[in-house]
Amino acid sequence: MASNRRDLPEINAGSMADIAFLLLIFFLVTTTMDVDTGISRKLPPMPEENIETPEIHKRNIYVVLINKNNRVLAGIGSPATMVEIDGNGIVSESLKEDVKKFVSNNGRIETSSESPDKAVVSLQNQEGTSYSMYIQIQNELTKAYNELRDEQSINDFGKGFDKLDAVEQKKIKAFYPMKISEAETKAN
Amino acid sequence: MSKFKRGAGKGVPAISTASLPDIVFMLLFFFMVTTVMRETTLKIEVKPPSATEVKKMEKKSLVSYIYVGPPTEALQANFGSAARIQLNDVTFSRKEVGEIQQFILSEREAKDEKEIPYMTASIKADENVTMGIITDVKTELRKVNALKINYSTKKRD
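Residue numbers (my numbering), protein chains in the order written: chain A, 1 to 188; chain B, 1001 to 1157.
It is worth saying that the hints were derived from the structure and are not from the lab.
One or more of the hints may lead you astray.
Stated by the list, open to error - Taking CB as the label site, the calculated pair distances span:
1) B/Leu1042 / A/Thr31: 30 to 38 Å
2) B/Leu1042 / A/Gly14: 53 to 61 Å
3) A/Phe175 / B/Phe1030: 40 to 48 Å
4) A/Met16 / B/Leu1075: 37 to 45 Å
5) A/His57 / B/Glu1073: 51 to 59 Å
What the hints assert, rightly or not - With a straight-line cut-off of 25 Å between C-alpha atoms, the simulated DSS-like cross-links for lysine-lysine are:
6) B/Lys1056 / A/Lys170
7) A/Lys143 / B/Lys1055
8) B/Lys1060 / A/Lys42
9) A/Lys159 / B/Lys1055
10) A/Lys179 / B/Lys1143
11) B/Lys1143 / A/Lys42
12) A/Lys101 / B/Lys1060
13) A/Lys173 / B/Lys1059
14) B/Lys1155 / A/Lys100
15) B/Lys1155 / A/Lys143
16) B/Lys1056 / A/Lys96
17) B/Lys1055 / A/Lys179
18) B/Lys1059 / A/Lys42
19) A/Lys170 / B/Lys1114
20) A/Lys96 / B/Lys1055
21) A/Lys143 / B/Lys1047
22) B/Lys1059 / A/Lys68
23) A/Lys173 / B/Lys1056
24) B/Lys1154 / A/Lys163
25) A/Lys96 / A/Lys163
26) A/Lys42 / B/Lys1055
27) A/Lys42 / B/Lys1155
Stated by the list, open to error - Take a look, some chain A residues computed to stay more than 12 Å from chain B by CB distance:
28) Lys42
29) Asn60
30) Tyr134
31) Lys171
No residue lacks a Cβ here, since even glycine has one placed at the ideal position from N, Cα and C.
Whenever a hint applies, use it, and build me the whole structure from the sequences.
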């Protein structure tokens, strides 16, 4: 018996590497390291009954309209003062610059916003508006606010907005609150 | 003299590969741990639009995904080509958009009560869908008070 145990051959572990490689390659191929990215928004709560919506002065609303053909109309207050930004699916830089001017007006121009705190961007789209156009507009609006916040943070703290700590970021955000109001989609 | 040169003819000894499995196993475990397998199979086609001002999503465990897009080619025979909403493994037509309420409520049940305010609904929609269906989805989310949303977009420079 004793000699029998001594003779037990060692298992060849040479192919272990091959097996491990096989598994490794399987996981290498199936791994997706994509991170989820996106534009975050906060929806307004459902309106309660018997509560009237507060009136906002015309000068404090910047209206962006997107129609079913993806043409964009934008301007402060009433439709009479709006201009067509661009058609055919491409948004020009002028929308962002317009929004920045409107939000950071601080009451200088009579027909533009009184303060960043009071400024509201109203985004309205139609049933047939394409989602990609809508995202482009949302992107431009976000960019306008991001740039304003960045400028303000360099002014106040001497460094970019993303380098600030949480408390400082809150201060800047309170100075430039992103107020984007979205009306219900209009039919046709 | 010959005393010192005796072994020279044998050449370089073979490098031991005994530790190779260990190295490979290490890599293997790394990939096994980091791999996230997709939980749902998509029955609709979703090609998200791209944007520049995107942010990374945090706390993936608190995110509920709502997919919106046209059915895949194989399923178009059954469902037609109109955009549909997919929650978990089931797709719904635009008329059945109310199912989102049930979906959000069941997602909430699985979570701790303290975490509910931090839950996010991520809308993964195809770039070619129209806003009508997106607005319907958003209205349903508002009805169940799931107000934190995220429009899933790719990063573009």
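Problem - 25 Å limit on alpha-carbon distance, applied to hinted pair B/Lys1056 and A/Lys170 - result: holds (19 Å)
Practice task
Starting from B/Lys1056, check that the Cα of A/Lys96 is at most 25 Å away, please.
Solution key: holds (23 Å)
Exercise for the section: Mind verifying the non-interface call on A/Lys42? Its CB should be farther than 12 Å from each CB in chain B. Expected result: At roughly 6 Å from the nearest Cβ of chain B, A/Lys42 sits no farther out than 12 Å, so the non-interface label is violated.
Practice task
Would you check the hint for A/Lys173 and B/Lys1056, treating anything up to 25 Å between C-alpha atoms as holding?
Solution key: holds (19 Å)
Handout entry: 25 Å Cα cutoff - pair B/Lys1060, A/Lys42
Key = Holds, at about 18 Å.
Practice task
Compare the distance between the alpha carbons of A/Lys101 and B/Lys1060 with 25 Å, and conclude whether the hinted pair is satisfied.
Solution key: Measuring from Cα to Cα gives roughly 37 Å; hence the hint is violated.
Handout entry: Given pair status - B/Lys1055, A/Lys143, alpha carbons within 25 Å
Key = holds (12 Å)
Exercise for the section: Measure nothing beyond the straight line between the CA atoms of A/Lys143 and B/Lys1047; if it is 25 Å or shorter, mark the hint as holding. Expected result: holds (23 Å)
Exercise for the section: For the pair supplied as a hint, A/Lys173 and B/Lys1059, confirm whether the alpha-carbon distance does not exceed 25 Å. Expected result: holds (22 Å)
Exercise for the section: Could you let me know if the closest chain B CB is still more than 12 Å away from the CB of A/Tyr134? Expected result: Given that some Cβ of chain B is not farther than 12 Å from that of A/Tyr134, nearest at about 6 Å, it is violated.
Handout entry: Straight-line alpha-carbon gap B/Lys1155 to A/Lys143, limit 25 Å
Key = holds (14 Å)
Practice task
For the pair we were handed, A/Lys170 and B/Lys1114, check the Cα-Cα distance against 25 Å.
Solution key: holds (23 Å)
Violated hints, in rising order: 1, 2, 12, 22, 28, 30; the structure is consistent with all others.
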